[in-house]
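Residue numbers (the working numbering), protein chains in the order written: chain A, 1 to 108; chain B, 1 to 269.
It should be emphasised that the hints constitute simulated quantities derived from the structure, not laboratory data. Where hints are given, some of them may not hold.
Each computed BS3-like pair below joins lysine-lysine, with the alpha-carbon atoms no more than 27 Å apart [unchecked claim]:
no., chain 1, residue 1, chain 2, residue 2
1, A, Lys104, B, Lys43
2, B, Lys133, B, Lys99
3, B, Lys77, B, Lys43
4, B, Lys43, A, Lys22
5, A, Lys104, B, Lys265
6, A, Lys97, B, Lys162
7, A, Lys104, A, Lys22
8, B, Lys43, A, Lys97
9, A, Lys104, B, Lys81
10, A, Lys22, B, Lys239
11, A, Lys104, B, Lys215
12, B, Lys81, B, Lys162
13, B, Lys133, A, Lys22
Owing to the predicted nature of the structure, the values given are computational and were not obtained by experimental measurement.
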Amino acid sequence: MDTSSPSAFVNGSLMRRYIGQKVRTVIQVVGSDVGSVVGKSTDDLQIIVKGSPPTTTTPSTYLEVIGIAENENSIRAEVWTNFGNSFDPVNYNELCKLANGEFKHLFI
Amino acid sequence: MFSSSQFEPNSAFSGGGFMSSQPYDSSSSSSSTTKGLVPVTVKQINESSHSGGEKSGIVINGIELTNVSLVGLVCDKDISKVTEVRFALDDGTGRIDCKRWVNESFDAREMESVQDGTYVRLNGHLKTFQGNKQLLVFSVRPIVDFNEVTFHYIECIHFYSKNSDSQVLENVGDVTQSHTVNTNQATTLNPVMPSQNSDGNGRKNLDDMILDYLKQPACTARQQGIHLDEIAQQLKVPKNKLEGVIQSLEGDGLIYSTIDEYHFKHVEL
Numbered sequence: 001m002d003t004s005s006p007s008a009f010v011n012g013s014l015m016r017r018y019i020g021q022k023v024r025t026v027i028q029v030v031g032s033d034v035g036s037v038v039g040k041s042t043d044d045l046q047i048i049v050k051g052s053p054p055t056t057t058t059p060s061t062y063l064e065v066i067g068i069a070e071n072e073n074s075i076r077a078e079v080w081t082n083f084g085n086s087f088d089p090v091n092y093n094e095l096c097k098l099a100n101g102e103f104k105h106l107f108i
Numbered sequence: 001m002f003s004s005s006q007f008e009p010n011s012a013f014s015g016g017g018f019m020s021s022q023p024y025d026s027s028s029s030s031s032s033t034t035k036g037l038v039p040v041t042v043k044q045i046n047e048s049s050h051s052g053g054e055k056s057g058i059v060i061n062g063i064e065l066t067n068v069s070l071v072g073l074v075c076d077k078d079i080s081k082v083t084e085v086r087f088a089l090d091d092g093t094g095r096i097d098c099k100r101w102v103n104e105s106f107d108a109r110e111m112e113s114v115q116d117g118t119y120v121r122l123n124g125h126l127k128t129f130q131g132n133k134q135l136l137v138f139s140v141r142p143i144v145d146f147n148e149v150t151f152h153y154i155e156c157i158h159f160y161s162k163n164s165d166s167q168v169l170e171n172v173g174d175v176t177q178s179h180t181v182n183t184n185q186a187t188t189l190n191p192v193m194p195s196q197n198s199d200g201n202g203r204k205n206l207d208d209m210i211l212d213y214l215k216q217p218a219c220t221a222r223q224q225g226i227h228l229d230e231i232a233q234q235l236k237v238p239k240n241k242l243e244g245v246i247q248s249l250e251g252d253g254l255i256y257s258t259i260d261e262y263h264f265k266h267v268e269l
């Protein structure tokens, strides 16, 4: 696992700022395919994550994905963490906004 | 349940042991040391500076810290030594080396449950070792409810912003008039808090600013003194704010009025 460079907290709409860079986000699984997972970001935008997820990706599970943003709605994942079913996306969404706004210097 | 400061309930809410509403008559070095457990990101640690002087304390946001709380992923776990477990913590903002002494079976059991790729909550001492920042960890707990991850970062933001506000009031002089002017000054002239706080003395109160301006050779050379309007314009402070401060400076014998009551010069000793 190589997470040596900092990763920016993003939601669906913030991802376009970090295309080509390492990002981290949480998605709610909507469906999965061979080699990719389709999910909903914390601000209700569709995100496609490429890579092989951990085994338990049932729909409505939250997954944290750390990887490179390929374009504004897809990530090539390097690290997956299962965040369970009781994760609060609203809080995370607000954190993304703060971490990219006023308090960006604490994170990146 | 998620609070990292459960053993010190005041520290998370009162900015590490001091509150901005308390009157300040202690010296700045004693009032800026916190004994609480402070939530931080690795980036904040990496950007922190050494406090000067006898202690090898590390300063973040103008506060000398020893105990910090972090949340992140464990990487590079190394158990080659029997009494010591070393690993790196990656919280998305950077990486920091961590060391955990394993002397009792409790410690060993705690570390077994922590593997590479596990999200953990760490509490530890911040130390600098051979130029690198290192964490001497005394508590490691795997995270089970991932809302704690969101919570930790928000707590870091909260502590930081609470601290920035109290930093503004910390540099207040004894004159109450300059107290209210000071916070105004801080917001109008110094909008970026972090660089101010890491300097520690980057912000001057209005008294000093007026004196500095009047002490300049260009000003002292002018026989008739400097008009109040000009001071207001140069310092970018409204005249009404200046008037009270000018009066007190005059009363203290630091400036005097010259050709009329609106022209002032610095008293040269």
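List, from low to high, the hint numbers that the structure doesn't satisfy. Structure breaks hints 5, 9, 10, 11, 12.
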